[in-house]
Amino acid sequence: MTLEFAYYPGCAAKQIQREADQAARAVCQELGITLKNMPRASCCGAVSLRETKPAFAMAVAARILSEAEAMGKDLVTICNTCLQTLTHANYRLSNEPELRDKINAVLTESGVRPYEGSIKVRHLLWVVTDLVDPRILSSRITKPLKGLRIAGFYGCHSLRPEEIFNHTTQQAEGRHLERLIRLMGGVPVEYVGQDRCCGFHVMLSDKHEMHAMVAKNCLSAKDAGAQIMITPCTLCDMIMGSVQQIAEKSVQRTINLPEMNFAQLLGLSMGISKDQLGISRLHVDPTAALASVGLA
Amino acid sequence: MTVQTYTFRIQRNMPGQVGAVQSHWQDYQVEAEPNTTILTLLETIKGGQDGSLTFRQSCRSAICGSCAITISGRTRLACKTHVGAVAKDGLVEIAPQKNQPILKDLAIDIRPFFAKVHAIKPYLQDGPESAGKVTSTAYDQVNHVTQCIMCACCYSECTMTEVNPRYTGPAALAKAFRFVSDPREGRKTERLQELSKQDGMWSCARCTLCVDVCPKEVAPMEAIIKLRTRGMGKGFTDAAGPRHALAFHEDINQTGQLNEFTLMMRTLGIFGALKETGMALHLAKKGKIPSPFPHYVDGVEELRRIYQSLERTPVDVETKAKEAVPE
Numbered sequence: 001m002t003l004e005f006a007y008y009p010g011c012a013a014k015q016i017q018r019e020a021d022q023a024a025r026a027v028c029q030e031l032g033i034t035l036k037n038m039p040r041a042s043c044c045g046a047v048s049l050r051e052t053k054p055a056f057a058m059a060v061a062a063r064i065l066s067e068a069e070a071m072g073k074d075l076v077t078i079c080n081t082c083l084q085t086l087t088h089a090n091y092r093l094s095n096e097p098e099l100r101d102k103i104n105a106v107l108t109e110s111g112v113r114p115y116e117g118s119i120k121v122r123h124l125l126w127v128v129t130d131l132v133d134p135r136i137l138s139s140r141i142t143k144p145l146k147g148l149r150i151a152g153f154y155g156c157h158s159l160r161p162e163e164i165f166n167h168t169t170q171q172a173e174g175r176h177l178e179r180l181i182r183l184m185g186g187v188p189v190e191y192v193g194q195d196r197c198c199g200f201h202v203m204l205s206d207k208h209e210m211h212a213m214v215a216k217n218c219l220s221a222k223d224a225g226a227q228i229m230i231t232p233c234t235l236c237d238m239i240m241g242s243v244q245q246i247a248e249k250s251v252q253r254t255i256n257l258p259e260m261n262f263a264q265l266l267g268l269s270m271g272i273s274k275d276q277l278g279i280s281r282l283h284v285d286p287t288a289a290l291a292s293v294g295l296a
Numbered sequence: 297m298t299v300q301t302y303t304f305r306i307q308r309n310m311p312g313q314v315g316a317v318q319s320h321w322q323d324y325q326v327e328a329e330p331n332t333t334i335l336t337l338l339e340t341i342k343g344g345q346d347g348s349l350t351f352r353q354s355c356r357s358a359i360c361g362s363c364a365i366t367i368s369g370r371t372r373l374a375c376k377t378h379v380g381a382v383a384k385d386g387l388v389e390i391a392p393q394k395n396q397p398i399l400k401d402l403a404i405d406i407r408p409f410f411a412k413v414h415a416i417k418p419y420l421q422d423g424p425e426s427a428g429k430v431t432s433t434a435y436d437q438v439n440h441v442t443q444c445i446m447c448a449c450c451y452s453e454c455t456m457t458e459v460n461p462r463y464t465g466p467a468a469l470a471k472a473f474r475f476v477s478d479p480r481e482g483r484k485t486e487r488l489q490e491l492s493k494q495d496g497m498w499s500c501a502r503c504t505l506c507v508d509v510c511p512k513e514v515a516p517m518e519a520i521i522k523l524r525t526r527g528m529g530k531g532f533t534d535a536a537g538p539r540h541a542l543a544f545h546e547d548i549n550q551t552g553q554l555n556e557f558t559l560m561m562r563t564l565g566i567f568g569a570l571k572e573t574g575m576a577l578h579l580a581k582k583g584k585i586p587s588p589f590p591h592y593v594d595g596v597e598e599l600r601r602i603y604q605s606l607e608r609t610p611v612d613v614e615t616k617a618k619e620a621v622p623e
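Read top to bottom, the protein sequences are chains X and B. 112 is the number that this note's numbering gives to position 112 of the first sequence; each next residue is one higher, with no gaps. 407 is the number that this note's numbering gives to position 111 of the second sequence; each next residue is one higher, with no gaps.
These are calculated hints, taken from the structure and not from any lab test. Take the hints with a grain of salt, since some may be wrong.
Claimed, not checked - Covered stretches of chain B, as calculated for chain X (at least 3 residues, CB under 8 Å): (1) 452-462; (2) 506-516; (3) 523-534; (4) 540-548; (5) 604-613.
Think of the CB as a built atom: it goes at the ideal place given N, C-alpha and C, for glycine as much as any other residue.
If we strip away everything but chain X, and leave its shape as in the complex, we get:
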């Protein structure tokens, strides 16, 4: 099958977490996945917009989904919160015809193509592990991670609520990060906290609590033997990676767990250059962990 998608990186990947977008594009190019830009797509609004303006939030999401539908492609993202927001809207717009009619009336009146409810919202991690032929993926892993112990951190918004996500994302056959880690030649680390909250959505309102969440999750992974952590989400990346050293000071514990987006580590295992993957933009230096498996 041809793997062509309407690509929705999300606001964080366009600015602060740009390296995740670079890595996603580089990896997709190697794997024969075509990512088509969505020039009209706005910010999804996250749960915040659902709180302030629930109907506007639904219409904004419908407009994004409609753009992908007009392109004739399923939508792919690399941000868990965008994934949850758009999946939630897609779920309701597909299952509640009355709601879809009401929202489409507003779209039409505003000069926007109505949304017919025909596309799927996917995470790039799911595309790589579920849709790319595992033999092709394995053949591209030219720098296998030789037993590197890797903690997969899922975060919340690619797993829950179960009602809107296909249950396979949560059950044993889900386990997308673990499957990818094995394909890359690494060893998935089991630890408590991999499906818990990174704290992103309270980073400004409850920052000490956010720091405590970062420390709890990272230390749990480290205590279980993790040398490195990967996430499928640019917001988790920002918190567990970029903010980790601030959390360290706040909770007065040394963490020092290198963290990166799954696409960055996948890129490294495929022999893509560190520059292209934006590795130098990581706050917690992964050099030592990578050098231990010959990826200096």
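Starting from the known structure of chain X, arrange chain B on it as the hints suggest.
Below, chain B alone, put in the same frame as chain X:
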């Protein structure tokens, strides 16, 4: 159904000196069909193998909420959980609820949980906002949350409660929504003001665990989202949470994209943002500086038209509870 042998690895907790609890894990073997409930098997163990094992139970019908414990990592009702659905290679790990003081074995002290429920005043109050008439659709919000059985599964899993024991928590907030949305309630605004304070509804981190673990489909986080909408609607916007939320529609209207450069300032105010200069500099060390120049998405005028249309003619998109009909 075939009978299998399951290993129950149960956390045994004994009260020690000065309130400290001593814990160890103890294994029990039980024979059961996969659709046997965990509660039945705990009773089998207590009756036939170890009378000292302590746990709470009462109705056996998922209506009293007494038997909520941690089963294979998640808080669930023992009476509603089939062993075959949670065993991993024949092993079931059982522990008390999280985020709660342990009394003995699987029994926890439920008082701190109920103190939070009592704090939101879980009863109708007379007051200026009491509706005289109650229409047939008046309960389409209330009925979302009335099926809560106070089992505390959500509270046990709540990631915010884990790091902030002062946080009101999902069950109490869902209960608060039940009264805020009840047409007969007389003090809705007062309630929203109270809930907008520190450690209240704005502290939810939206991890959505409460939605997935609730055995009665209450979806506490959805109730919290609706509380926030109503709180902002009453003008309670003077805190980081609501200010942050309000930034989104401003930006989407203006450019279509979130302006991360000004987001912190708008959320925390000038002085608050200055206190976070260290964080901004830390991010800047690795070139993580959001662009101060807004990027406009194509067709941004469509977004403005949508917004204006909805401001003129509001559309109700809130989920409605199914009508409660007698069985």
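Going down the list of hints, with the structure as the test:
1. 452-462: Our answer is that it holds, as 5 residues pass the Cβ test (under 8 Å) against chain X, meeting three.
2. 506-516: The restraint on the region 506-516 of chain B holds, since 3 of its residues have a Cβ under 8 Å from chain X and three suffice.
3. 523-534: Per the Cβ count (3), the hint holds.
4. 540-548: Coverage by chain X holds for the region 540-548 of chain B (8 residues, Cβ < 8 Å).
5. 604-613: holds (count 6)
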